[in-house]
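Residue strings, one per chain:
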Amino acid sequence: MGEPRRAGGDVETDVTVLVKAAALGDAAAWAEIVDRYNRLLIKVLLPYRLTSGELEDVAQTVWLRLIEHLGELREPRALPCWIITTARREATYVASRSARMLPSDPQDPTWSAQLVSDEDFDTDLVRAERHEALLEGLATLTVRQRQLLVLLSEDPPVPYAEISRRTGIAMGAIGPTRARALERLRAAPSIRALRAGVEESGRRPR
Amino acid sequence: MSERPGDIEDLARDLADALRGTGALSEAIAAKAIEAFTWRSIDDELLTAGLLFDSAHEAQPVATRDDDGNRVLVFATDLRTVEVEVLPDRVVGQFSPPSAGTVEVEAPQGEIVATAEVDDLGFFMIDPIRTGVVRLRCSTSTTRLVTDWVRL
Numbered sequence: 001m002g003e004p005r006r007a008g009g010d011v012e013t014d015v016t017v018l019v020k021a022a023a024l025g026d027a028a029a030w031a032e033i034v035d036r037y038n039r040l041l042i043k044v045l046l047p048y049r050l051t052s053g054e055l056e057d058v059a060q061t062v063w064l065r066l067i068e069h070l071g072e073l074r075e076p077r078a079l080p081c082w083i084i085t086t087a088r089r090e091a092t093y094v095a096s097r098s099a100r101m102l103p104s105d106p107q108d109p110t111w112s113a114q115l116v117s118d119e120d121f122d123t124d125l126v127r128a129e130r131h132e133a134l135l136e137g138l139a140t141l142t143v144r145q146r147q148l149l150v151l152l153s154e155d156p157p158v159p160y161a162e163i164s165r166r167t168g169i170a171m172g173a174i175g176p177t178r179a180r181a182l183e184r185l186r187a188a189p190s191i192r193a194l195r196a197g198v199e200e201s202g203r204r205p206r
Numbered sequence: 001m002s003e004r005p006g007d008i009e010d011l012a013r014d015l016a017d018a019l020r021g022t023g024a025l026s027e028a029i030a031a032k033a034i035e036a037f038t039w040r041s042i043d044d045e046l047l048t049a050g051l052l053f054d055s056a057h058e059a060q061p062v063a064t065r066d067d068d069g070n071r072v073l074v075f076a077t078d079l080r081t082v083e084v085e086v087l088p089d090r091v092v093g094q095f096s097p098p099s100a101g102t103v104e105v106e107a108p109q110g111e112i113v114a115t116a117e118v119d120d121l122g123f124f125m126i127d128p129i130r131t132g133v134v135r136l137r138c139s140t141s142t143t144r145l146v147t148d149w150v151r152l
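Chains as they are written, first to last, in this note's numbering: chain W, 1 to 206; chain Y, 1 to 152.
Hints listed in this document are in silico derivations from the structure and should not be mistaken for laboratory results. There may be inaccurate statements among the hints.
Quick look at which bits of chain Y chain W covers, simulated, 3 or more residues with Cβ under 8 Å [as the list claims (entries may be wrong)]:
1. 15-25
2. 29-40
3. 139-152
We put the beta carbon where it would ideally sit given N, CA and C, even for glycine.
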């Protein structure tokens with residue numbers, strides 16, 4: 001069996017390889033799966049009115065459940081979708097319990113809309129979808145590229161010297177590395193699908 | 001590559017927007033997830049009963065509707081199911097097909113937080129139950145299984 005991951009280099013590995021390795025007990029592969037998708041998972045949970053303790057519990061439930069099902073994922077490339085769906089389901093339950101209300105029909109869209117704060121979800125589904133696509137795309141970058149883009153997105157900004165220290169990227173290489181990472185992000189399947197969808201809907205008669 | 005030079009900067013801004021709010025808890029959550037991998041089930045004989053039905057998610061089929069609005073969970077393997085009803089202060093459940101045994105409530109990191117006997121008809125009650133992330137570890141004379149993790 002080939003060595004699936006980087007050994008000091010910064011190589012992007014297909015998620016299928018990571019899932020298979022983790023299912024066989026490779027802890028480093030699992031750590032990379034978590035690193036890739038943790039932000040996406042948290043983003044999906046944020047709009048629900050959860051306390052930070054509840055949010056941590058739901059996130060942990062999703063990761064624990066994934067550990068037990070790694071070997072059964074029929075299509076590892078659909079992992080982001082699995083994470084999003086599982087997270088939403090668990091969050092809906094916890095949010096509904098905290099609200100001390102129970103839906104007569106949980107499929108009723110007005111009910112699920114009540115469980116999330118207005119700003120993020122129901123007024124801007126399109127934005128939520130774009131954010132998920134971006135974080136899914138971020139997961140396809142190399143560890144170093146991802147780490148760099150996350151640090152550069154922080155507010156207040158992290159000084160370049162600090163970014164260089166944390167990522168091991170020389171100060172002068174930060175700009176070019178960022179540009180390559182963003183180009184790569186733009187080419188990620190989830191972002192391309194999103195753009196195609198926008199163009200498609202733009203062409204359609206209103 | 002850059003037919004629209006502004007494009008990439010828009011993408012960077014969108015990404016920053018997408019990442020907003022995800023930082024605060026990310027390290028704690030990732031640390032727990034990574035730690036959890038070290039105590040995953042590596043017991044080949046142990047079956048994992050997947051969450052087949054959860055009244056909290058699904059439009060409820062009549063057979064599993066609970067008029068009191070309690071959460072009903074059904075975990076299943078090929079041969080056996082565990083049905084659980086989550087009441088405000090306790091959990092009642094049943095093995096199917098019925099058989100005697102024990103149920104342990106396992107918290108993350110493998111800690112057993114409660115144990116209950118299962119009677120000949122497959123019924124059990126866990127009282128009280130604490131809120132948190134748990135799974136049930138069920139044993140009968142012929143089967144050992146764990147359920148999916150759930151947050152009660």
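- Item | Within 8 Å of chain W (C-beta), three or more residues of the stretch 29-40 of chain Y | With 9 residues closer than 8 Å to chain W, the stretch 29-40 of chain Y meets the three-residue bar; holds.
- Verdict on chain W covering the stretch 139-152 of chain Y, criterion of 3 CB contacts below 8 Å: holds (count 5)
- Taking a Cβ-to-Cβ distance below 8 Å as contact, does the stretch 15-25 of chain Y have at least three residues touching chain W? holds (count 11)
Comparing the model with each earlier hint shows no violations; every hint is respected.
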